[in-house]
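> Here is what each chain is made of, one letter per residue.
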Amino acid sequence: MRVVIEHVCKTFEDGSGGKTEALRDINLTNEENEFLVVVGPSGCGKSTLLNIVAGLLPATSGKVIFEGIPDLSKPFTSVVFQEFALFPWRTVEKNIMYGPEERGLPKNEREDIARHFIDMVGLKGFEKRYPHQLSGGMKQRVSIARALANDPWLLLMDEPFSALDAQTRTIMQGELSQIYEKTHKSVLYITHNIQEAVFLGDRVAVLSRRPGRVESVISIDLPRPREENIVLAPEFLSYAEEIWGHIRDQAKSALSE
Amino acid sequence: MVSFLSILFLFCLWEFIARLGFVSPLFLPAPTAILETGIKMALSGEIFHHIGASLWRIFWGFSCAAVIGTLVGILLGFFSLAESIGNPIIAATYPIPKIAILPLLILWLGIGEYSKIAVIGLGVFFPMVINVYTGVRNVDPVLIKAAISLGSDRKRIIRKVILPSALPMIFAGLKLGIGIALLLVVAAEMIAADAGIGYMILTSADLMQTTKLMFGISILSMLGLVFSWIINKIEKLCIPWKT
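Protein chains in written order, with the numbering used here: chain A, 933 to 1189; chain B, 3 to 245.
Any given hint could be a false lead.
As the list claims (entries may be wrong) - With a cut-off of at most 16 Å between alpha-carbon atoms, the simulated EDC-like pairs for lysine to aspartate or glutamate come out as follows: (1) B/LYS157 / A/GLU1033; (2) A/LYS1117 / A/ASP1083; (3) B/LYS162 / A/GLU1034; (4) B/LYS147 / A/GLU1034; (5) B/LYS162 / A/GLU1033; (6) B/LYS157 / A/GLU938; (7) A/LYS995 / A/GLU938; (8) B/LYS162 / B/ASP142.
Hint data in this document are derived by calculation from the structure and do not stem from the laboratory.
Extracted from the complex, chain B is given alone in its bound form (with noise of 0.2 Å):
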C-alpha cells in the first residue's frame, strides 16, 4: 500500500510540474498525455505490433537458450570430462557483451530475426549454464548417497536427485536471463529492425515524439514485471517445497 502510494505521488509530482508549463513537453510530457499516446497506439493496433515483434523474438531466444543453457549445465555439473572441456570455453566467452557480436551475427545469419534471436539466446545462455552448472555442483553429497543405498543408478540420480535438487538454481538463472533477454532485444531492434519496441522507442526518439518514447520505456517496464510475475508463478508450482 504505501509503495502503491509512493509511485502514485511520484507521478503526480510529474504531472503538477509538467503543468506548470516551465519545461517543454518536448522534454518531459505529463504522464497524462503519454497515457493519452498509448490509447491512441492501442486503438490503431500500432502498439501490438511493436510488442508482438519484440516478444516473439524474446520467446524464441529465452525459451531455446533456457533449454540448450539447462541441458549444458547438467552436462558440466555432473561429468567431469564435459566440465574440464566446456569451462574454460564458457569462461573465455561469458565476459563478451553479447550486443558487441550482433554486428557479426548479423553477417552470419543476415539482418532478420535469426541474428536477433541469436543474440538473445547468447545472452540468455550464459547465466541459465552458470546457474544450472553452480546448482547441479552444490547438490547436497549425502542426498546422493541416500539415493544409491535406496537402489537409484547414475541415470535416475540425475533425474530423481539432481534435477529437484537444482531446480531453486535454475529458476534464477531463468529470471537473470529474463531480463538480459529485454535489455538486448531493444539493443537489437535499435541497431537493426522494422518493428519493435526498440525500434519503436528510437524512431520517436529521431521524430521527437516524446509522448512515444516514453511510452515505450513504459511498455519495457510493464513487460519486465509481467515476466518475472509469471516466471515467480511457474517457479511456486514447480518447487511447492520451497519455503
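Chain A on its own, in the form it takes in the complex (with noise of 0.2 Å):
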C-alpha cells in the first residue's frame, strides 16, 4: 500500500472573490510503512495538505491516490489532531472504541481492540476517565489509540504534540517511535519543528512557504529503533542543520510580514 499525492493544488476563495493559494503543486509518495514527515514555517498550507489526504477537505486540482488497499471497508486514514478532538461525553475507552463501533464490529471485538490499544498506549487504569479528567499528553495517547483503533492503511497526525509542553512532548515523541516500531503504520506527520522531525521520520519533506510547495525531501538514514539519546549524535545534527537551512529564511520573511 503506498499513497501517492499527485499536482495537488488548493486555492481557497473567500465570499468576496479574494484568493489565497495555499498549495502549489505538490507531489509526494508515503511509501508502504513509511514515516513521512512534512515540515514547513507556519503558513506554508501543511495542514491543508494533511486534510486533503484525510479527504477532510477537497483539493482544487491533483488527487491523493491510495494504491493496493485490498479491503475497502473501513477508513483509509485516522487523524491525530492538533487539539485532540476527543469527544467529551465519551470515557477514554468508548473514545477508542468510536471507529471500530462505526465499522459496525461486535461488542466483544471492540473491547479486545480498545484494550490491545488502551495497553499499548500506556493507559491502564483509565479506561473510564472523562478527557477532561485527563493531562494532555493523556489525551493525546487517547487520540493516537483511537486513531490506531481504526486499523487505518494511514495515519495521519497534524502537529500532534506541538500543544503540550517541552517536557510532555519529548517523552510523546519517543513514545510514538516505539509505537510506530510496533504497529509499522504508514505515517504522514506534518509538524514546524525540526527536531521532531528528524527525530521521528524515515524522510523529510520541506515545504515552502505560501503557496506552499515541495522545497526538498531529505532521507533521513538514522537507526530505528530510535532512543532520546539520538538526538545528540552528529548526524542527527547536520540533518537538523540541513532542514534548518531550507527553513531559514522562509521563516524570516514570515516573520517580517
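Both chains come to you apart, so use the hints to assemble them.
Following this line, the structure appears as C-alpha cells:
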C-alpha cells in the first residue's frame, strides 16, 4: 500500500472573490510503512495538505491516490489532531471504540481492540475516565489509540504534540517512535518542529511558504528504533542543520510580514 | 448554613412585625398564620386540587414544547435551508409577549385547557429552539472532522456528536423554559380558569383572604425550586462528563 499525492493544488476563495493559494503542485509519495514528515514554516499549508489526504477537504486540482488497498470496508486514514478532538462525553475506552463502532464490529471485538491499544499507549487504569480528567499528554495518547483502533492504512498526524509542554512533548515523541516500531503503520506527520521531524521521520519533506511547494525531500538515515539520546549524534545535528537551512529564510520572511 | 439562617431571620422578623399589631393582618399576615391556612387547605385537599390543575397544564405545555423545540432547534442548526426559512420567522415571533396571544388562543382553541397548554407551550418553545440552535451551531468543528475521519456519516454525526455536544445547551433551555412555564400558567389561570394556583391567588385577593393568597405565592416559590432541582438532577445523570 502506498499513497501518492499527485499535482495537488489548493486555492481558497473567500466570499468576496479574494483568492489565497495555499498549495501549489504538491507531489509526494508515502511508501508502505514509511514515516513521512512534512515540515515547514507557519502558513505553508501543511495542515491543508493533511486535510486533503484525509478527505476532509477537496483539492482544487490534482489527486491523492491510495494504491493497492485490498479492503475498502473501513476509512483509509485516521487523523490525530493537534487539539486532541476527543469526544468529551465518552470515556477513554469509549473514545477508542468509536471507530470500531462505526465499522459495526461486534461488542467483544471492540472491547478487545480497545484493551489492546489502551495497553499500547500506557493508559491502563484510566479506561473509565473522561477526557477532562486527563492531562494533555494522556489526552493525546487516547487520540493516538483512537486513530490506531480504526486500523487505518495511513495514520495522519497534524502537529499532534505542539499543544503539549516541552517535557511531555519529548516523552511523547519517544513513545510515538516505539508505537511506530510496534505497528509499522504508514504515517504522514505534520510539524513545524525540525528536531521532531528528524527524530521521527524516515523522510522529511520541506514545504516552502505560501503557496506551499515541496522545497526538498531529505532521507533520514538514522538507525531504528530511535532512542532519546540520538538527538546528540552528529548525524542528527547535521540533518537538522540541513533542514533548517531550507526553512530559515522562509521563516525569516514570515516574521517580517 | 448561612443562607438558611438568613431566611430564618427574615421569617422571625416578619413574624415579629406582624405580631406587634401595627400592621393589619389583612395586609401582612404572620408566617404562622399563612402556615395554618396552608395546613387547613392541605387537610381539606383544596390545595392539591389547585396544584394538580396547574401541574397538569405545565406538564403538557412544557414537555410538548421541549420536544418540538429541540427538534426544530436541531433542524435549524444543522440544515441551512431550514435555517434561512426558520430564523426570520422566529426572530419576528419571539419578541411577542406570549400572554398577549392568549385571547387569540382562547378564540381558536376555546376557554378550556388547550388554550392554556398552548400558551405555556409557546413560551417554552422559543427559549428551547434558540438554545438548541446555538448549541448545535457551537459544536466544535474538529469533533465533526474527527467523527468523519473515523467513518461516521451525516446521520450518525447528528446522533453521536451534535446531540451530545448540544446537551448542555438543551438543559440550559429547559431551565429557562420551566421558569417561563410557571409564569405563564399563573397568568393564564388568572385570565380564565376555575382551578389552579393562579386562579386561587386571584380569587383569594378578591375575597381579601390574604393568608390564602400568600400561601399560593409560597407554593409557586416551592414549585420553582422543585422544578429546577429535578432538572439539575436529570442534567447530572445525562451529562456525567460535565465538570
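> Now, for every hint given, state plainly whether the structure supports it.
A quick look at each hint next to the structure:
no., hint, result
1, B/LYS157 / A/GLU1033, "holds (14 Å)"
2, A/LYS1117 / A/ASP1083, "holds (9 Å)"
3, B/LYS162 / A/GLU1034, "holds (10 Å)"
4, B/LYS147 / A/GLU1034, "holds (14 Å)"
5, B/LYS162 / A/GLU1033, "holds (11 Å)"
6, B/LYS157 / A/GLU938, "violated (32 Å)"
7, A/LYS995 / A/GLU938, "holds (5 Å)"
8, B/LYS162 / B/ASP142, "holds (13 Å)"
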